[in-house]
Structure formats: structure tokens, C-alpha cells
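Peer 1: What follows is the residue order along each chain.
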Amino acid sequence: MQFIKDRFKYLFASTKGLILVAIAMIAVVTAVWGMLSGPMAELGVREVVVKLLGMKMVQAEREGRIIILYHSIAMAVVAIETYMVTSLLKMKPFYKTAINAIITVGYIVTMIFGLGFAYFGHNWAFHGLYISGLSLIFFAGVLMVIALWPWDKEFYQPDADYARAKSGLDLERLAFFVTALTTVISALFGAIPGSFFGNGFETFLAENIIRYPEKTTMEYSIIGHLHIMLALIAVMITLIVGRWLNFKGILHKFAMPLMILGAIVLNLGVWGVVTPLEPVAHMIIYVGATPSMVAALLLLIWSWAKLIREGTAHLPKPRFGQRIGALLRDPLKFGPTWQMLFMNFTTSGLGIFMAVKLDEIFRVWPAREERIELTGHWHVLSAIIATIILLYYGDMLKLKGKVRQLYGWSIIVLSDIAFAGVTIFEMKRLFVTEAAQQPLVNALMYAIDFGLGMLLALLAVVMVWRLTDLLKKKGRWTEEIHQELSQEASK
Amino acid sequence: MKRILPTIILLAALLAACTDVDLNAPLPTGDTEHRYETGINVDAWAQIPAGEFYFGQHEEVEATEAYEIMLTDVTAAQYAAFLNEALAAGFVKLSDNQIKGFYPGDAFHSVKHEERIDAGDWIFIPLNDPAQRVRHDGATFSVQAGYENHPMTMVSWFGAWGYCNYYNWRLPTEMEWEKAGRGTDKRPFPWGEDILRANANFYASRDPFEDMSSFGSRTTPVGFYNGQTYDGYATINSASPYGLYDMAGNVWQWTGNVYEGMHYRFLRGGSKDTYDMDLRLWVRNNATPTYFSPGVGFRCAR
Numbered sequence: 001m002q003f004i005k006d007r008f009k010y011l012f013a014s015t016k017g018l019i020l021v022a023i024a025m026i027a028v029v030t031a032v033w034g035m036l037s038g039p040m041a042e043l044g045v046r047e048v049v050v051k052l053l054g055m056k057m058v059q060a061e062r063e064g065r066i067i068i069l070y071h072s073i074a075m076a077v078v079a080i081e082t083y084m085v086t087s088l089l090k091m092k093p094f095y096k097t098a099i100n101a102i103i104t105v106g107y108i109v110t111m112i113f114g115l116g117f118a119y120f121g122h123n124w125a126f127h128g129l130y131i132s133g134l135s136l137i138f139f140a141g142v143l144m145v146i147a148l149w150p151w152d153k154e155f156y157q158p159d160a161d162y163a164r165a166k167s168g169l170d171l172e173r174l175a176f177f178v179t180a181l182t183t184v185i186s187a188l189f190g191a192i193p194g195s196f197f198g199n200g201f202e203t204f205l206a207e208n209i210i211r212y213p214e215k216t217t218m219e220y221s222i223i224g225h226l227h228i229m230l231a232l233i234a235v236m237i238t239l240i241v242g243r244w245l246n247f248k249g250i251l252h253k254f255a256m257p258l259m260i261l262g263a264i265v266l267n268l269g270v271w272g273v274v275t276p277l278e279p280v281a282h283m284i285i286y287v288g289a290t291p292s293m294v295a296a297l298l299l300l301i302w303s304w305a306k307l308i309r310e311g312t313a314h315l316p317k318p319r320f321g322q323r324i325g326a327l328l329r330d331p332l333k334f335g336p337t338w339q340m341l342f343m344n345f346t347t348s349g350l351g352i353f354m355a356v357k358l359d360e361i362f363r364v365w366p367a368r369e370e371r372i373e374l375t376g377h378w379h380v381l382s383a384i385i386a387t388i389i390l391l392y393y394g395d396m397l398k399l400k401g402k403v404r405q406l407y408g409w410s411i412i413v414l415s416d417i418a419f420a421g422v423t424i425f426e427m428k429r430l431f432v433t434e435a436a437q438q439p440l441v442n443a444l445m446y447a448i449d450f451g452l453g454m455l456l457a458l459l460a461v462v463m464v465w466r467l468t469d470l471l472k473k474k475g476r477w478t479e480e481i482h483q484e485l486s487q488e489a490s491k
Numbered sequence: 001m002k003r004i005l006p007t008i009i010l011l012a013a014l015l016a017a018c019t020d021v022d023l024n025a026p027l028p029t030g031d032t033e034h035r036y037e038t039g040i041n042v043d044a045w046a047q048i049p050a051g052e053f054y055f056g057q058h059e060e061v062e063a064t065e066a067y068e069i070m071l072t073d074v075t076a077a078q079y080a081a082f083l084n085e086a087l088a089a090g091f092v093k094l095s096d097n098q099i100k101g102f103y104p105g106d107a108f109h110s111v112k113h114e115e116r117i118d119a120g121d122w123i124f125i126p127l128n129d130p131a132q133r134v135r136h137d138g139a140t141f142s143v144q145a146g147y148e149n150h151p152m153t154m155v156s157w158f159g160a161w162g163y164c165n166y167y168n169w170r171l172p173t174e175m176e177w178e179k180a181g182r183g184t185d186k187r188p189f190p191w192g193e194d195i196l197r198a199n200a201n202f203y204a205s206r207d208p209f210e211d212m213s214s215f216g217s218r219t220t221p222v223g224f225y226n227g228q229t230y231d232g233y234a235t236i237n238s239a240s241p242y243g244l245y246d247m248a249g250n251v252w253q254w255t256g257n258v259y260e261g262m263h264y265r266f267l268r269g270g271s272k273d274t275y276d277m278d279l280r281l282w283v284r285n286n287a288t289p290t291y292f293s294p295g296v297g298f299r300c301a302r
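Each protein sequence line maps, in turn, to chains A and B.
By my numbering, the letter at position 455 of the first sequence is numbered 455, and the numbering carries on one by one without gaps.
By my numbering, the letter at position 181 of the second sequence is numbered 181, and the numbering carries on one by one without gaps.
FYI, nobody ran anything at the bench for these hints, they're computed from the structure.
Among these hints, one or two may not hold up.
[What the hints assert, rightly or not] Quick list of in silico lysine-lysine cross-link-like pairs, DSS-like style, CA-CA up to 25 Å:
(1) A:398 <-> A:317
(2) A:56 <-> B:186
(3) A:153 <-> A:248
(4) A:248 <-> A:90
(5) A:474 <-> A:400
(6) A:248 <-> A:92
(7) A:491 <-> A:248
(8) B:112 <-> A:357
(9) A:9 <-> A:473
(10) A:215 <-> B:112
(11) A:474 <-> A:402
(12) A:51 <-> B:186
So that you can see chain B by itself, here it is in the shape it has in the complex (with noise of 0.2 Å):
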């Protein structure tokens, strides 16, 4: 029995392991007719004035030009609604269970590790994802009840640059980015200098949506943390100096800046999956612009 039971742990382990993920578990309200309304106006930008700040985590001094910048992430229901009326106008075009659209290509410098990004089309999103939020029903698309007021999520950085650019927006530069979560003072995080469970939507953060016992991290809605409480969960006000939402945590947001050299597109903020380091407003991720996640989302610039 002795050398029986190492073996029936380790057994049971690697089955706990194996158990499979329900990524349609029911949402903290428990009924998706009623969910957790943050009362932000998702169609809202934040003016950011022309003018210096600090960038990076060593306080490099830069300048920026005045601009807009989404108040929070662009949402499933807004990337649905964009999907209905692009794929009327021919912008996108569904193929493969995948939504593509046209991109204009990259210069290619042969450098060590690059890859070519050529004029084309490019994936948009996955459409045959089970962690996709957006559905489409052969006419029309629409996003799976309860999650309308999430970020919207498993897109690439050509749908995130394709639906900015289809209404004659951009993705915010990095430089953009960090200044409107940062504003002109030094800080770590677009509130301030530390960072409390509810402050943010991070790993192991203890959000209601989140149950690291079985399926993880989930998204929030956008601009949740807004010092409201829901059903008991008290959060705190988060809003960056210029007043966005969810610029540090809940999903990574994709940058626009093409950079020589490099195929990678940037991305800021951390997200659910991510320890707290990660959502200090200087931190750099990135992957190939291809690359979709149910943690990755973005908002546009103008």
C-alpha cells in the first residue's frame, strides 16, 4: 500500500490536470439577461494635450502631439456591430471560420528573426475558437450573452488595426498609450503608486468572475473598476489622470507602432493572466501580429 499510494496521488493529479475547462460557466450574476452594468460610456474619448511626460521605467522625458484616445477597451458588442456592417461593405470577408481583411504589408530588412508581413489578407479573428465571444450565425454577428460589455478579445493585431482603421481611427502609439494611462507624473500604475487586489483585474486578483479552481482568470467588464460595487464587491476607482478605464490589467492592448526590423507588434498593460508586475504602465509585451488571445484586446486613437 506503502508504494500504492505516490502512485494514486501523482494518478490523481495528472487527471485533476486533465479535467477540461468550461469556458461558458455561468457569470457572477448567474443569469446573462442581468449583468454587471459599470455605467462608463464605452463610446467616450479622453482629450489628451499636446505637451511632455515621463516614458518608460526610467523616466526618459518625451512629447507627444494632443490626441483622442478611447476612454475604455472597444467591446465585444462594438466589435460585432463593426463586423456586421464591414462584412456588408466588403472591408472583411469571412473565410476558413476566420474573418480576414486587407492589410497593406510591412517593409521587410532581412533582420535576424523577422518575417515577412506582406500586402494581403490577414486574420482579423478566429471564429471556430471555443474561447471566441463573438458568434456568427451565417447572417449576422452578435456576442455571446453576458459578455457584450467585456473587451472584446481573441483578436489579432490586424483586426485591432482593421477596426480602428475602418473608421478612419489608428491604434494609439506606445508612446500614446503610456502617456494617456501615466499623464505627466512618474507613476507605476494609471492610479497611482500601488497596486490593491481591487484596483485592477489581475492573476489571482479575486475579481468576481475569476475562479482560479477551475477555469482561471476571466475578463471584467470595461471600466469595472470604477469604485462601484457589485453584489458586495467593492472596487476601486482606477481611471487613469486622463480618466481611462482598464489601462493596467484585464486584457493586454495592442499598440501601433511598426518598428524596423521587427514583425512584432507591442502590446501594454497586463492583463487577467498576469501578475501585478505586469501591469506597470511600462512594461513592453508582444507577439507576432497574428497572435489572438482571450487575454489580448485593444481600444483606438485619433
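Same shape as in the complex, but just chain A (with noise of 0.2 Å):
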């Protein structure tokens, strides 16, 4: 029995257990219902897992299963986010406690019960079951905006090295604070329209509906919603890398203002879609993109000029070469940033390609083909987060020497691999023709499977050594039941 109140402790009491917990959840979800689609679709592969699962598939049900999946995914890795900023920033212990115990419970209830729902047969109770458990996370959120409440003087910014106000107030618990509220507002915009439910709202899929010039509030708001939320977890993250890695200096006096500014407006643009501000909502939304943006970008900056310093603090006059040795010598480090920037690459900058080229390009084509563009490049951006959690994953099980780099530059070079695969398949309309495509598809179509197949058989490798680690007495678990990120981050 003390087994199991032991490895209970530290999967459901601590930090890094909660951590672990979410990434196995999550890995499992990918691995099971990934196979229902793409090319294991076109293997078969599909068909065996309904039958062999029981799966109760309804044609019509099929926009409705997928909204419950992306929710059911997000949740696990909103709690993820939560773990981290909980036990990175200072906060008193009652909210620490409750907020990661709700949100526990509150993504383990979505996303079993959710899934239950949306694909073995509808049993209402389950949906019942599946909303509480987003109500619990919002619950939890709430808590959450408390807990950073940035004014309370315990958590003013005593050291002027990091961005801070005149009066002391600490800048960069303003900007978890601002994330944290407008994500919590932001939720809202999709949990009204769901509350419509079969009274007056049916479920859609926003890109389906990307060029029908007519819209209700109610699918704007979804569409608001979606968008925000995506944003505010890469806005989050990137302020969770900031502080693991201690972003400090003249850059993070920058970088913090501008993440807040960046943030309100960057929401502001998005509510605005559903008020009669629709039509300049998108340049609001540029307009707060860009700070948000250059903030990372000095992020970037920062740790990348750190990761060469140390790296040649023992070389007179190092080398160029020496150099960019020194930047890519620790993968765990330098791979969220280079995340950050190869999302330029794969996203972002594809995204202005499209806005800029929309009319003249990509609305000559199939909405169909628009489609492809449009969840490709949410399905890369969500998958870049995954990534950098990965890594500072990696960096929390204090990986060390070969299996350190092996780890960490598996993750990049391997995720790499299938969204640059990804973006050339959303784009191949540029270079080929419908007719004359298979041969490109199929070599994409191996580099992607390739890319994410081996980097989810990593991911497998790593839960069955923590899954081994577990049933030892004296397993690394029983150092990191005790841990706290915040003793963790880089000094």
C-alpha cells in the first residue's frame, strides 16, 4: 500500500510527477488517435482500431469528435503550462495546491470523459462529466489570475537586472499575469457559443467556413477563441522558457513591456471580432502580433549571446566556428528558440505570405486546398509547443552527456523534419500541379510520418524508462518529488 501512496504522492503532489502524468496522457491520446487518420487511415489501420476499441463512429458526428479531441489534447497541455509557471513563480502554497489539484482533475475529467463521449457512443452523462472538467480548468485559471497578482509588494522585483517598474513592481509576473487573465476571458468567447449547444449553435469546424462572407457573432466568437487561445499558450510558453532560462538584463527590460503590450492588444483584436469591429480586427491583431513577436525575438537574442558566452568563457578569442559550436553544444537550451524561429519559417511567416498573397493566390484554389493551409499551420504551431515542452522536460530530468544530446537534437532534427514537411505540403500548389503531385506528396508524406513516428517512438522510450524508474524504491522519482523549477532555473 505504501507502494502506491509513494508513486501516487509524486505523480499527483509534485511538480515534476504532474508534468510527467500530462506528457503521458497526451502521448497516449496522440499515439491511439492518431492512427485514426491520415495515412493510417489510408493503411487500414483506422478501421482495426475502431473495431479492436469499440469506437462508435457517426458520420455526422465527425466536426463534433474532433472539437472534443483538440480540447481534450489543449487541456493536458494548459495543465502542463500551469505545473510550470506554479512552481517557477513565487506564489503563496494554498493557491499552488489548489490551483494544480483542480486543474488535475479538471483535464483528467475532459479528457477521459470528452473522449468517451465524442467516440464511444453518447452517453450524456459523460458530456456532462466533460464540461465540468473545463469548468474545473477555468476554475483553476481563475485562482491562477489571483495567485499572480502582480501589485501585492511580496512579489515586487528587488533586483534591477530584471524589468520593473519605478515602484518595484515586477514586470514579468505582469506579463504571466495578463497572459493568465486574458486567457481565461478568452475562453469564454468559446465556452458561450458552446453553451448554445444544440439550442441555436451546431458545431463547425472554422475552416470550413473560412470564405462564406456571412458569419453569426457565434461562429466569429468560436473563431476569435480558437485563435486567441493558440496564441496565448505560445505567449505563455515563451514566458515560461524566458524564466527558466532567467531572462535578465537590458533585453528582458525590452522584452517584458513589450509581451504585455503585445498581449491586451493582440486580444483586444480578437474579442473585437465579435463587437462592430470585425473589419479593422484583423490589423489590431497585427498591431499586437508584432510586440509579442519582437519580444521573443529579444528573447532569442538574449539567450542565444548567452549560450555563446558560456560556451567560450574559457576561449581568449574564440572563433566563429567556435561559436556556433559553443550555441548548439546544449540541444535543451538552444532548442526552444530555434523552435521559436523555425516557427517563423513553418507559421508565421507563411501566414503573412498568405495574408499578403490571399486574393492573388491561395483564393484561386479549392477552399479544400485553403483548408489544408489553414489546419496545417495550427497543427505545426500547436506541435512546436509540444516540442519546447519536451525539451525543458528533458532539461527537468536533468538528462546529461550523449543521451542529453540525443534527446534534445532527436526532438529538434525529427520535429523539424515533419513540419518542414508539413509547410512544403500546404504550399505544393506553388510548384506543382493537382495531376503531376503524387511523387512530392508521397516523399513529403514519408519525411512527415518519418519525423513525427520516430519522435513519438522517443517519447514512448522515455515514458517506459519513467514508467521503470517508478517501480524502483529508490528511483530518480524520490529526488524529484522534492524539486521546484524555480530552484531549477538557469542562474
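Using the supplied hints, reconstruct the complex from the two chains, each of which is provided in its own coordinate frame.
Peer 2: So, in C-alpha cells, the structure goes:
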């Protein structure tokens, strides 16, 4: 009994245990549900999985199923970010315990009963529990906003190396607070239309109605919701990476006000989509996204400069190659900001190109081509956030030597191969006609499947390793049970 | 060697991706003189009675008047015959390797992203595209051997509209199209609730015309999925409740609605290039009316 109690305490009461559970849950869902679409469906694997698990795939319910699947995975990601925030930032112990407990119950209930409702027959009690899970996560979010309140003098920043107001107000904490607050508010933009489900509001996928000139307010609300939630998850992970790497100095002082401004304006733009401001909402969003992206760029410049400086400290006059070697020597510290940069090639840059050439190129193609671009775009964005979490997790595990190199570089290289493949797939019509596309499609599919498949295999190895570790009396978990991320943030 | 190996693999993959596709690869019979005959009358029309039906994914009850709709998509042979007549009659003209015809234009409402469709000559089909199966030898239009009973593809919305209009028919509205495919119950596919590979021609459906390792998907003859077996390949009879064939898969079909504030025209039915989810009867696709593709065809109503 003590055996189980100790493991349970690690898994559900320690930061690293909670993160491990959430990653494991996502890994299982990704592995199983990944077999229901794309190449797995082509190969006939979907049919086997559906039969084996007794899934009920009603054709008319596909869109609803997918929305619940997205939410199930996204809520676990939000939980991971929450655990990171409660472990990295100072807050009253009660809040930390309450937030972690509530969000854990919330995302697990959401995932189990949401997927149960969506894929195994419509049991409406399950639907109720799914909504209850989401409500708990919302409540945990409200608590986190309270816990992060930055105007409490206890949390003022005493160190002049970090961004702070004259009063001592910690601007980084304010950025976390603004991101958490706007996330909670933005959740309502999905929750309110969702509450009308079956009562004047029907499920839809945004990418399917993108070209319709007339949309209802609820449809606009959902479209705004999905965009801003993903953007805010990205903003939050950027802030988390900054704290993990101990971002400070002059660039920190510029970055944090930009982060706060960007998050506020971005949100105002997205919320404006459901108001008469809709015609100019996109412009407000561009204005808001710019400072956020500049802030992320400042983090990248600072972290790369730090890696080079520390890696060449022993050399009197480092050469260019030595500087690059220093930059690349630790994939777990280099990777997160590299992935942010890579994101600009695969999503941000592409998004801007699409916006500029929308009517001239992209809207000449059929809507289904545009759908591929849109879904590819946010799948890559979501997956990049996931890889950044996995890189941070590798650092939490205190991986060293060749294992650290192998783990870090595998995540970076494999994911980037897959994301590059997706990006070319999205844009393939620019350089190949439909009639002649098959060899290119095949090559890209091999690249994407190889990248993602190997990445999942790596994750499986890590999960099996962690499982066997849990079975040991003096496993790594016995050390992790007391570790907090704030103690491990770079000095 | 360890460092060179990934580079070699990458280069090999890139070279494989650049392989030319043989658009004239042999048909499954291996002989252009001998093609699969489906036995379906391509000149037949289905009678659709007036009345209510379930429209769209969320099953709104709508109604139509009585109408007739073609049992199959317009075939390449039918379209070539039309072009021969229409060119002689001055209904279409040959210009810049394109067949063009007059369209009276649409009202313009200056809505965001809306583009003008003015009265004038618009493209019906391109003649110089390698994927085009209809040929012109300077005097007569004909069809590439073996493709006569395949759906007419590489045809723009104007080309579909022009064909129907020439014979005093019209393109079906989206509602008419869906009712003809769905009947009066709530089925997602013309034949019923679930989809199997032998029901329709869709992406990776493993029909005899497909080779995913080289040229990918190709069209199947209209009415192919009628329960007949072709050289050992058994199909399931997948007609709609009103007896229409190919209402799911093979080629997207242009519909006739012109909606206020948008120049896009809507397509229904999914195609040889889409996953099965796009073959559900309520799924909508759209494109500019000048768009043409090897996966887009049409049928008429009257």
C-alpha cells in the first residue's frame, strides 16, 4: 500500500510528477487517435483500431468528435503550462496546491469523459462530466489569476537586472498575469457559444466556413476563441522559457513591456471580431502580434548570446566555428528558441505570405486547398509548442552527456523534418499541379511520418523509462518529488 | 560515411519527389481499345419528386420542386460532342489554347474578397493542359482513347454552365444536388451510413485506376460502382435512393447557385483526391468559377 501511496504522491502532488502524468496522457491519446486519420486511415489501421476499441464513428458527428479531441489534448497542455508557472513563480502555497489539484482533476475528467462521449457513443452523463472538467480548468485559471496578482509588494522585483517599474512592480510577473487573465476571458468566447450547443448553435470547424462572407456572432466568437487560445498558449510558453533560462538584463527590460502590450492588443483585436470592430480586427491583431513576436526575438537574441558567451568563456578569442559550437552544445537550451525561430518559417512567415497573397493566389484555389493550409498551419504551431515543452522536460529530467544530446537533437531534427514537410505540403500548389503531385506528396508523407513517428517512438522510450523508474524503490522519482522548477532555473 | 548517409537519403527522397508523372499511364485493362463498360446509360435522367428532405449536416428540413437530374456525371465523350456542335454554332470559340464562351455576368456587391464576374467570354476548358482528356486536332474535338466514359474534367464552372445552358438545361442547385444524392432520409452517403473502399473512388481507395506510388488517383468510368466486377475487382452498388451514380467520390461536381457577395461557386461530392470524410453528402467545397482540375466535373438538371 505504501508503494502505491508514495508513487501516487509523486505523480499527483509534485510538479515533475504532474508534468509526467500529463505528458503520458497526451502521448497515449496522440498515439491512439493518431491512428484514425491520414496515412493510418489509408493503410487500414483506422478500421482495426475502431473495431478493437469499440469506437462508434457516426459520420455526422465527425466535427464534434474532433473538437472534443482538440480540447482534450489542449487542456492537458494548459495543465502542463500551469504546473510550470506554479512551480517557477512565487505564490502562496495554498494557491499552488489548489490550482494544481483543480486543474489536474479538470483535465483528466475532460480527457476521459470527453473522449468517452465523442468516440464511444453519446452518453450524455459523459458530456456533462466533460463540461464539468472544462469548468474546473476555468476555475483553476481564475485562481491562478488571483495567485499571480502582481501588485502585492511581496512579489515586487528587488533585482534591478530584471524588468520592473519604478515602484518595484515585477513586469515579468505582470506579463504572466496579463496572459493568464486574458486566457480566462478568452475561454469564455468558446464557452458561451458552446453553451448554446443544440439550442441555436451547431458544431462547425472554422476552416470549413472561412470563405463565407456572412458569419453569425457565435461563429465569429468561436473563430476568435481558437485563434487567441493557441496564441496565448504560445505566449505563455515563451514566458515560461524566459523564466526557465532566467531571462534578464537590458533585453528583458525591453521584452516584458512588449509582451504585456502585445498580449493586451492581440486580445482586444481577437475579441473585437465579435463586435462592430470586426472589419478592422485583423489590423489590430497584426499590431498586437508584432510586439509579442519582437519580445520573443529579444529572448532568442539574449539566450543565444548567453549560450555563446558561456560556451566560449574559456577561449581568449573564439572563432566563428567555436561560437557556433558553443551555441549548439546544449540542444535543450538552444532548442526552445530555435523552435520559435523555425516557427517563423513554418507558420508566422507563411501566415503573412498567405495574408498578403490571399486573393491573388490562395483564394484562386479551391476551399479544400485553403483548409489544408489552415489546418497544417495550426497543427505545426501546436506541435512546436509541444516540442518546446518536451525540451524543457528533458532539462527537468537532468539528462546529461550523450543522452541529453540524443534526446534534444532528436526532438529538434525529427520535428523540424516533419514541420518542414507539412509546410511544403501546404504550399505544394505553388510549384506542382494536382495531376503531377503524387511523387512529391509521397516523399513529403514519408518525411512527415518519419519525423512524427520517430518522435513518438522517442517519447514512448522516455515513458517506458519513467515507468520502470517508478517501479524502483530509489528511483529518480524519489529525488524529483521535492524538486521545484524555480530552484532549477538557470542562474 | 555516417555523416554522408543522411544526406544521400535526403537527396534520394528529393529526387524521388521530382519524378515526372506519366499522365498517360496505361489504363487497367492495358488496352485503350478495351475499356471497362459499366452498362449504365449516360443519357438517362432521374426523376426527383417535389417535397421535403433533410438538408445539410444538421438536417434542416428543406423542400424542392420536382426536377430531373442526370444519372451520371457528364462524360468526356458527351462534352467533346457538345464542343463540336457548339463551336460550329458559334456558341464557343477557340482562343489562346482555351475554349471560351459568353457568360452574362453576376451582380457585384463590393463585399470583402468578392471579385467581379462581368459579362464576357470566360474560359470553359483549357486545351494545352497535359491533364486534359479532350483533344482538338484543328477541326474536331475527340477524347483520349480509353477515357470516353470517364467524367469530363478540367472544366471550369463556366464550362459546366455553358454545357447545360447549350441544351437548355442548368446546373443543379446545392439543394437539388443534395436531395438527389440523399433521398428523404438522413444518410451521410448516397448508399447509406458507412463507406467501404468498394463504394466509391476516393483517395487511396485502391481502385484499379489508382497507383499511389506513381501517378496517384485517376477517375473511374461514370457509374463504375454499380455492383459489377471488373477483372476481379468487385464493386458495391452505390447508387443514391433516386438511382444516381458517383454522387460521392470520383469528381467534385459544380453546382449552379450564385450567392450574393461572393464569386465562389460551390462543389459537392468529394473526389478521387479527397479522404472519405469529404464524400459525405453535405460537405461543401468552393472555388473561383475559372478553376479547373482533374478532380472536378459536373452533371446537369432540368
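Peer 1: Within a Cα-Cα threshold of 25 Å, do residue 248 of chain A and residue 92 of chain A meet the stated pairing?
Peer 2: Status holds; Cα separation ~24 Å.
Peer 1: Has the given pair, residue 112 of chain B with residue 357 of chain A, been kept, meaning a C-alpha gap of at most 25 Å?
Peer 2: 14 Å, holds
Peer 1: CA of residue 398 of chain A to CA of residue 317 of chain A, is that 25 Å or under?
Peer 2: It is violated: about 31 Å lies between the C-alpha atoms, which goes past 25 Å.
Peer 1: Take the C-alpha atoms of residue 474 of chain A and residue 402 of chain A, compute the straight-line distance between them, and say whether it is at most 25 Å.
Peer 2: Roughly 23 Å separates the two Cα atoms, so the pair holds.
Peer 1: For the pair supplied as a hint, residue 248 of chain A and residue 90 of chain A, confirm whether the alpha-carbon distance does not exceed 25 Å.
Peer 2: 17 Å, holds
Peer 1: Quickly compare the C-alpha distance for residue 51 of chain A and residue 186 of chain B to 25 Å and report which way the hint goes.
Peer 2: Distance ~24 Å between residue 51 of chain A and residue 186 of chain B Cα, so the pair holds.
Peer 1: Taking 25 Å as the top limit, are the C-alpha atoms of residue 153 of chain A and residue 248 of chain A close enough?
Peer 2: 20 Å, holds
Peer 1: Hey, residue 491 of chain A versus residue 248 of chain A, does the alpha-carbon distance stay inside 25 Å?
Peer 2: Holds. Residue 491 of chain A to residue 248 of chain A sits at ~10 Å (cutoff 25 Å).
Peer 1: Does residue 56 of chain A pair with residue 186 of chain B here, judged by a C-alpha cut-off of 25 Å?
Peer 2: Cα-Cα ~17 Å, so holds.
Peer 1: Given the hint that residue 9 of chain A pairs with residue 473 of chain A, does the C-alpha gap stay at or below 25 Å?
Peer 2: 14 Å, holds
Peer 1: With a cut-off of 25 Å on the C-alpha distance, tell me whether residue 474 of chain A and residue 400 of chain A pass.
Peer 2: Roughly 19 Å separates the two Cα atoms, so the pair holds.
Peer 1: Between the alpha carbons of residue 215 of chain A and residue 112 of chain B, is the straight-line distance 25 Å or under?
Peer 2: The hint holds at about 13 Å.
Hint 1 from the earlier list is the only one contradicted by this structure; the remaining hints agree with it.
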